[in-house]
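Counting in this note's numbering, the sequence shown runs from 4 upward without gaps.
Hints are computed from structural coordinates only; laboratory data are not their basis. It cannot be assumed that every hint is accurate.
[As the list claims (entries may be wrong)] Taking lysine-lysine pairs in the DSSO-like style, the calculated list, with each CA pair at most 27 Å apart, reads:
id	residue 1	residue 2
1	130	161
2	130	158
3	138	187
4	78	187
5	130	156
6	161	127
7	161	138
8	187	127
9	156	127
10	138	127
11	78	156
12	138	78
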Amino acid sequence: MNPKPLDRVSFDSAELTGAQRRCTVDTMPNPGVGRPHGLYGNAFARASVEQVLAASSAAHRLMAREAQAAESRRKAQISSLTEEIRQLLAQAAYVELARAAVRDMFDDEDLPLDFSDQAYERLKRHKYPFAGALKQVAGGLPRPRPEDSFYLKMKASKRDVLTRRFDAIRGRLGERLHQLVAAKQAGEPGGTAGMPSAPSVECFSACRRSADSISRGGGHGTH
């Protein structure tokens with residue numbers, strides 16, 4: 004025979020360690036809503052279902068605000084990473100244009116000194132991370148200009164300096180690409196971002212002996 008459900012929450016929150024969580028409850032004191040001493044320990048055991056439901060709703064609203072703030076931070080991170088990736092791609096294109104401007108007979112590649120969008124397209128031959136980065140930013144790249152200050156600085160650099168700069172850009176670009184993909188995936192279904200589901204509170208069936216024991220502060224109930 005199923006025991007009669009209790010009309011009061013009859014277990015101490017400390018007993019929920021390691022158990023499946025059905026909801027989140029605000030246990031902090033809040034005299035304005037009838038919880039002057041909070042809902043922790045024996046106060047939780049003596050609380051009415053209505054009090055627990057009210058505390059759960061408040062916690063849910065807090066969780067919703069936190070989720071919205073986290074989503075705003077995620078979108079800001081995506082915007083920041085996308086812009087940094089564009090800058091790194093532009094720098095990589097300028098380094099290659101500088102190499103084309105100072106090329107000599109020992110160059111392995113005959114790079115064209117072409118200040119057009121093709122300067123970005125040529126980066127794809129290096130594969131990772133350039134091809135993936137170009138796909139992620141999907142346009143919005145500045146058109147290369149021969150008067151750009153970064154290009155003029157690279158043009159005045161030695162070839163070994165250009166090689167080291169290009170390798171440094173490649174490494175940083177790979178890191179930022181990984182972070183951007185992770186941030187975008189977090190907002191997809193099944194990702195870590197998004198709104199929490201509405202919590203629910205269930206009254207658990209328990210024997211009267213356990214409830215009486217908790218109410219007296221004699222121990223934790225079982226469930």
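| field | Index of numbered hints that the structure contradicts, given in increasing order | value | 7, 11
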